[in-house]
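Participant: Place chain Y on chain V using the hints.
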Amino acid sequence: VTPPDVRTYLDSATVAPLHPAGREALLAALDEGWADPRRLHREGRQARMLLDGAREALAAELGARTEEVVFTGSHLEAVQAAVLGTLKARYRVGNAVVLSAVEHSAVLHAAEHSGAAVRVGVDRLGRVDAGAMVERLGSPGVALGCLQSANGEVGTVQPVERVADAARAVGVPLLVDAAASIGHAAPPPAWDLLVAEPRAWGAPPGIGLLAIRAGTRWISAAPNADGTEKVPGTPSVPAALAAAVSLQAVVAEQKQRDAHQRALTARIRAAAALIPDTEVVGDPDDRLPHIVTFSCLYVDGETIVDELDRAGFAVGSGSACTASTLEPSHVLAAMGVLTHGNIRVGLPAAIDPAAVEAFCAELPGAVHRVRALLGADDL
Amino acid sequence: MTDEMSPNEITPNEMLLDAVGLRCPLPVIRLAKAARTAPPGTVITLLTTDPAAEPDVAAWCRMRNHHLLAQTWLDAGEGHPQTLHHTIQTLGDRSK
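As given, the protein sequences belong to chains V and Y, one line each in that order.
For the first sequence, my numbering begins at 1 and goes up steadily by one.
For the second sequence, my numbering begins at 1 and goes up steadily by one.
Hints in this document: simulated from the structure, not taken from any laboratory.
Warning: the hint list may mix true and false statements.
[Said to hold, decoys possible] Which chain V residues face chain Y? A few, computed with CB under 8 Å, are given here:
1. Tyr298
2. Thr339
3. Gly341
4. Leu379
A virtual CB, placed ideally from N, CA and C, is assigned to each residue, including glycine.
In isolation and in its complexed conformation, chain V is listed as follows (with noise of 0.2 Å):
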């Protein structure tokens, strides 16, 4: 078989191609931006007013004030920073903190490295038991709440606001993680510290986003930061640059993007639930419109990505030899789910129709030939 000629890049949940804008953005930023953002002299200055425009644009874009957004060197060190500054800043009070069992696993990470993690539970659909979440906030010792706005693996919105007027009614911080849904969906209604990962609206990579809200009780844990931010180092001003000016084209395409890839993630759904013994997984309504996740039961996840990739589809996978960890998804796990033979499909903002056809048309063959395989065509 020869290798098709066209390729459908269809793993944009985390990290999408990069955006015309974007990309322009930072070709001209690197002639104009490249010195130093904090010397003195035209060349500096010059960087300093591109950097400066980047966090004012990316601050409106994300509800935020400009003096909040802080530029990291990506999303896990903006995780990172947000939840080790606030157990710095509220040991007194505590170290436990309280998130849903279905956070990004640098949020999960970072809470049980230096705090107490106390996990929520998620029902079938992803979805985090808001009421068990707030009576956990209400605890005594809880130093952070941390909830995403929208799963990144399956597309489920989970009920940020709720929590959030739980969580101030109790005066304890929340972390919203907006990595999955910035660009894709209205910023998160509240917050006392966001995060959000610019390669997922089709920035460059190299840059990361935390936002502190005004009045947050936030210390650095790190030993010094000397440079542009409050976390170490200065950022990449043409990285910074294009983040601005791709999240604004993402966002002034979203509402007519929104109906156009709804339709298309749903025929998607329908497709795979076509085929036998396999479940779509997600909230089918309620969910970010890019995002479709399904696993197949008798199927290898390295496998049925290869098969993809082999026939011109790229795609992710939460199954544990898809992983560097060889842990299965903790997210699909947490649901109650299958782990295995899993498929998760991020639609880029341009997509055409057709390869999606091209891909829903594709699938139940691969899926067939991985079970032949396996000698389990006929489970």
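Facilitator: Chain Y in isolation, oriented as in the chain V frame:
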């Protein structure tokens, strides 16, 4: 025994499946193959080491309408990985 058993049945059939060292989905496939030919009410003990087997055997039981009686992690002794003992009773539609 469970209340699904009729009084004149003495003990259900029992079966032991060793899937230690196998990665998912192989333990579930081995379980499904055994369950397909086992009489209804058979109690299957499945041994696994892959961490994915815990959620996946539970999900398989739900999807296939079998009864998951217990899942218990047991120490297999020094130098051996922990083993998960699953106890499943076949109750579902065997025509599937």
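Participant: For every hint, state whether the structure bears it out.
Facilitator: The hints, checked one at a time:
no., hint, in the structure
1, Tyr298, "5 Å, holds"
2, Thr339, "5 Å, holds"
3, Gly341, "6 Å, holds"
4, Leu379, "5 Å, holds"
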